[in-house]
Amino acid sequence: MIIADRKPFDEIMSMLAPYRDILVLGCNECVTVCAVGGAKEVAILASQIRLRRTKDRISSEVHEKTIERQCDIEYLEELKDTIGGYDAVLSLACGCGVQFLGERYTDVLVLPGVNTTFMGVTERHGLWTERCQGCGNCVLHRTMGICPVTRCAKSIFNGPCGGSSEGRCEIDKDTPCAWHLIIERYKKKGMMDMYMEIVSPKDWSTARDGGPRKRQREDMEI
Amino acid sequence: MTAQGNLKRVLQSGAFAVTAECGPPRGADPDMIRIKAKILKGYVDSVNVTDNQTAVVRMSSFASCVILKDMGIDPVMQMVCRDRNRIAIQSDVLGASALGIKNILCLSGDHQRFGDHKGAKNVFDIDSLQLIQCIRDMRDEGRFLSGEEVKGRPDIFIGCVENPFADPFEIRAMRLAKKAAAGAQFCQTQCIFNIEKFERWMEMVRGLGVHEKVSIIAGITPLKSVGMANYMKRNVPGMDVPDKLIDRLRGTPKEKAPEEGISICVETIDRLKGIKGVCGIHIMAIGWEEIIPEIVKSAGLYPRP
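Sequence lines, in order, name chains A and B. With my numbering applied, the first sequence closes on residue 837, and no number is skipped along the way. With my numbering applied, the second sequence closes on residue 307, and no number is skipped along the way.
Please note: incorrect hints may appear among the correct ones.
[To be verified] Result set (DSS-like, lysine-lysine): computed pairs, CA atoms no more than 27 Å apart in a straight line:
#, chain 1, residue 1, chain 2, residue 2
1, B, 299, B, 278
2, B, 275, B, 10
3, A, 817, B, 120
4, A, 817, B, 153
5, B, 299, B, 246
6, B, 120, A, 622
7, B, 123, A, 622
It should be emphasised that the hints constitute simulated quantities derived from the structure, not laboratory data.
Chain A with its partners taken away, still in its complex shape:
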């Protein structure tokens, strides 16, 4: 899923400064699971904004709503009768939701309340870590299910580099060396022969480097 972090409160307040009537809009998908932009976080943030504005003697209306998905046109429709009534919408969805909402309602000012960080997993309660960069050409079958593009700080395909020490990456002692993990699995499965294969340069055209991506399935179009 997509992981995000809430923007610092002061940054949010300065973004909202010119606007009186605000809608804080949550999303019920990824950002709810990573506890940053669901109904609960919408309620907390809206209260914080109200409190700060009351303290600062600023007259304001702060409204709350959470919809199923901000990245899906079908769910954005339910906002059509009300969304025009606010000075600004603070979206707690990921960058996709923020943009898509603004595309559907071009007269509405949509502001981001979170920083979208990565595609990852919930390792344990309160810890999310990155797993995929959406490079568009998966190599996990060759690397024992560990992604070198995402989990190696240098995205190298013939690792590990000389900075791997005791299973840790050179950039940070808390970051596991992806290639150390891959090699451990090659050894466990008796597949070290695979390690000796020289992997050729990757075609990055399927990744972001090829420009904005789209996927179209004509068979599904109505």
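Chain A is fixed; fit chain B onto it per the hints.
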């Protein structure tokens, strides 16, 4: 093909090679390179110029190598994959060859986390192994990575690095074998302080027969003080400085520490000379280049062939 470079000549003659590292200045003054080079000239077979090491901006390796070449020194141009994509890399390989640079050392490059531009975007389009293969194919097959034809092939002696002290230890010789298969002709190792571990690595290298395919040049760094030894042990990734070495420097009066550092260095070189498959030494006297002639003479490696 034009005349071969000095490093390749020395290695092919079977003589014990001596190379040194030269960190370029953090400014545009070419004399900073010339001053260091003057000290080294005649004492080493080639001078290796780092490519923005530890991700700190310095004069480019390419330009520094041209300055060295103009002084009659055979330069080794380091090239990292951190800052350039395959288009820029191949273009620089052609340019370097056109200006008479004969040696390129291929590395991944330290992550920008270590440097002075932590907010930089890194590239890592290809990795060091793919870089080795890329240069070999440009030279031997006359092909770019795209498959298109190179009109006027670059004449490059291809180098790589390996760190016998990084983990997992058991793949470090295999990784050099991969680099040899990709086209590496010489290899400069990480600084050797733990010589016993280096000997174990060389044994594995010989076990794979890699020493017959790649000329292994052992990395040496003279330790100027106990503080420097401790710093290298704690702060430099992949550096293995044994406690007994630190104790030896600690037991030496402070003013005698540089002398002791040189002695350690010369003892290490003597031991390296006896290891089958070690073809030379690469001296990385970080910020202490002026000591290199003395080390070379004390190790009985002067005059150069």
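Evaluated hints:
1. B:299 x B:278: Status holds; Cα separation ~22 Å.
2. B:275 x B:10: holds, 19 Å
3. A:817 x B:120: Answer holds: residue 817 of chain A to residue 120 of chain B is near 25 Å, not above 27 Å.
4. A:817 x B:153: Roughly 24 Å between the alpha carbons, so the hint for residue 817 of chain A and residue 153 of chain B holds.
5. B:299 x B:246: holds, 26 Å
6. B:120 x A:622: holds, 21 Å
7. B:123 x A:622: holds, 22 Å
The structure is consistent with each of the numbered hints, conforming to all of them.
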